[in-house]
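Same order as they appear, the protein sequences are chains F and R. Quick note on the working numbering: the first sequence kicks off at 2 and runs consecutively. Quick note on the working numbering: the second sequence kicks off at 5 and runs consecutively.
Don't read these hints as lab results, they were simulated from the structure. Note that the structure is a prediction, hence the values are computed from the model and not measured. Wrong hints could be hidden among the right ones.
Not the full set, but computed from the structure, chain F residues with beta-carbon under 7 Å of chain R [unchecked claim]: (1) 93; (2) 94; (3) 99; (4) 100; (5) 106; (6) 110; (7) 113; (8) 182; (9) 186; (10) 235; (11) 425; (12) 432.
Residues from chain R shown here face chain F by an in silico Cβ test under 10 Å; the list is partial [stated by the list, open to error]: (13) 187; (14) 191; (15) 193; (16) 196; (17) 202; (18) 203; (19) 207; (20) 215; (21) 222; (22) 225; (23) 264; (24) 318; (25) 320; (26) 323; (27) 410.
For every residue, glycine included, the Cβ atom is placed at its ideal position computed from N, Cα and C.
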Amino acid sequence: MRSAIVMAFCALLSGAPAPSPAQTVAITHGTILTITHGTIPNGTVLIRNGKIAAVGPDAQVVVPAGAQVIDATGKFVMPGIIDSHSHTAVEGSVNEISLPNTGMVRIADVLTTDDISVYRQLAGGTTTALVLHGSANSIGGQSQIVKWKWGRPLAQWFIPEAPRTIKFALGENPKSANFHPPPGVTPQYPATRMGVEEVIRKSFVDAKDYMAKWDEYDARKARGENPMPPRRDLLMEEMSDVLRGKVDVHSHCYRSDEILMLLGLSDELGFKVRELQHVLEGYKAGKEIAAHGVTAGTFIDWWGYKAEAYDAIPYNVALMTRDNVIVSVNSDSDELARHLNQDAAKAMKYGGLTEEEALKLCTLNPAKQLRLDHRLGSVDVGKDADLVIWTGHPLSAYSRVETTLIEGDVYFDRARDLANREALAREKRDRLNKEADDEAKEKKDKKDKKEKKEPAK
Amino acid sequence: MRRSRWTAALLLMFAAVALHADAPGVYAITGGTVHTVSGAEIPNGTVIIRDGLIEAAGAGLTIPADAVVIDATGQHVYPGLIDSQTAVGFPAARPVARRRGGGAPTQRSEQPALPETSAAYEAVRNVKLSDDDLDARRETGVTTIVTAPSFGIFNGQSVILNLGDGSPEWRVIRAPASMQISFNTRPAWTYPDSLMGVIAYIRQTFLDAQQQVAARSIYERNPAGNRRPDDSPAIDALSPVLRRELPVVFVADTELMMRRAQAIARELNLRPIYSGARQAYRMADELKAAGTPVLVSVKWPAPPAEKDDREDQPLRVIRDRQLAPTTPAALAKSGVAFALVSGPGKAADFLPGIRKAIDNGLSADDALRATTLWPARIFRIDRQLGSIDRGKIANIVVTDKPIFAKEAKVKRLLVDGREIRLPAEEKKEKGEAGSAIDGGWDLAVRSPGGDVSIHVTLHSENGKLTGTFSGDRGSGDIRGGTVDGTSVELTISVRAEAEANDWVFHGTLSDGSLSGTVSTNLGTFQFTGRRSR
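Next comes chain F alone, as it looks inside the complex (with noise of 0.2 Å):
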């Protein structure tokens, strides 16, 4: 008995949808946003095993007998937004503060997945993130892209093909423009924009040595010798990893000249930038940001808000869009995580994007910047059945999320979310009672106890 009740409260607890006993499930009657391949009115999508198995107008997609069907009529179907920047989910600081290079410590290793954020996240429609460390050093570490699967286990949060990632930062924040040690504790280095770029090189430049030093001792052993293996460092064993390739870059930067540097710098390293953070300046270089193959993710009108953010324009998105840059809105904020497509629409208004490229400002050109646009980011047979089902189109202020899927399965369902909320309450006002009743009788105990006492002395 006491089982049952208790797996009836982690059921609650996670608000986890129970694995779907239809393998199968058809959204039908809705109006699908492909992102790849246009509007399909009146369409069906066929979820089978977790994948996108048929998308097409309803008369050309079969339903099985059996399938689970959720009619989506008067609906809009998208693919599921994907966030390229967020701090989401993390226990602890997302700054280890103490030095000017932390590649080694990893978001993977303080994921929670107790962070309400996340459900809220679903019911605007994010499925997928990259959870990034904060920018108080030059490079912060391992980086992690998840998926929001709320109430499974972490694990599973996690896409097993998915590229590493680590974040670098540019700028005043790691400069410690906007991070103050206690009283009594010397600053951090680097204390400029040089010495930024300076922790970044030698980064690598050391990463180099290492290999080096690896490599001889490989060769030692293939001769047979028995040499002393080198230090295993995490740390550059990571940074050796990005000069392989193995490991993709997210830099967070502002202005254009320390865009400009960071990518003269990958081309003397020989490393890759694969995209560029905030990237508020990007319009001023975006013919360069294009050359060299590296996308951008960025806020659509957030500036004015620190010396090095008061070039912004809200003009960025189209200017770099323009100039061939693969462009993503994104949130570095549980807040915005909830609503990216409206800043995605506000593309349409400042610079006229179409409509179907606003859309891919959140779902496939994100999903490429992360490079799982093969899995995720738009609604094509094979792809991951990540899949929102709005009450009007996206890109309207007035419609809100219905449902959201990731894999097939719901994780959040407004109807749903609606029908708990009593029981939820009321559940939360029965424990709290029963704590206090607890409470109040142990007190009455306890006087009972003394005053029992009392007469005998």
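Fit chain R to the given chain F structure using the hints.
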């Protein structure tokens, strides 16, 4: 008192001997219900103790002529309890103060520095047990503790101690018992100052230890032409851990922290034990499958004092704190090897915490196993301790009621076959009303602007400290006061200009005087206290 006149006389003769002689005596504990733990209960049983060891236990035994008889008629006889996670005998860890929103602490710490710990830190060489520490544990029927500092990341090598009288060397059951690791951050701007940094630091330290083992082995075989490995005690101390000879106690309270510890243990092929584990109710079957022992802290999460603060908490937090005490029952049901422990709580939390676990579905028999035989097995000392069996160390506790009953009192206690005088008896003899902290104290806080005098009147009961204060900075009631052994904590609200601010005192009682630190809105200062006249 049905003791015969003859035994009473003998007892008088032996009392001094039994308490102070070097050699432990011969005892027969008769007439009580003997809870052997390893076997069935023996009603009206006898336990015979000789030279510090259990010589026999059973019904109808012949009492040796040279035995001091302890009449336990109507009482209960148990093996001494083992509390296998404590920080007894070490300074208290201090929380790292952080500015709101993370980052820098509010004040540069002016507290005396804690010792630096590392894997090479040996608890056995550094532990300092005070009489009050001993009394506080013994009063709860605990005769054996596992202890290590709670500060630092590598807390060091823990030690298992018997809580007998005598020299520290005499008390040691096993050292080292485990390598203890806590996910404690260092102060801001010192690596590692974040949880992710701490985990990276632990991982790198173990890699360095692996490297050291490999380098030493190569160097031993072939010193010529190779650079000799550095002398590095903190790294070398991890060798027995890598060989899985020494288990690693990871202090991990939540499910996620246990999983983090598990990932590290798997990656490095360590022998883990999780301590804290108050969310283990969520993963009992997994723990069973992994074969990982668990030390469950019975310091259960408590609700906030204020009603409004409770209402503000999300349901999941309320649920979790109410489900935490179901952990022992869940682990017993799944067959996980576990022990109930007081750490990071205080001695006074131990028995009430165990009772709460029993209220939440744990059988009293399993509660007893989880404080005797099971911890002995987890730390592989079950051939010496954990049950009343022939040949085992004679740690025995006699209670007037079943040991986990609310009103139960410890009546007699033997450690290593010697009777220990209980603090309650001593108090009676000395005619003292309360503990060493009770009464009036004059505190002097050394602030940069000069000493601040505060007079406090304290009253202790069951580890709680109440009373009043008055002096330079106003007056009022003491809040949040606790006393555990020699460590004292209390909070007062002082007036500074128009504002009221909390001053939190952390002190240690020693030779009738108090000293420690006080955290205030103006910084952290030293204070001393002496008895008011």
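- Return the numbers of the hints above that this structure violates; sort them in rising order. Violated hints: none at all, because every hint is consistent with the structure.
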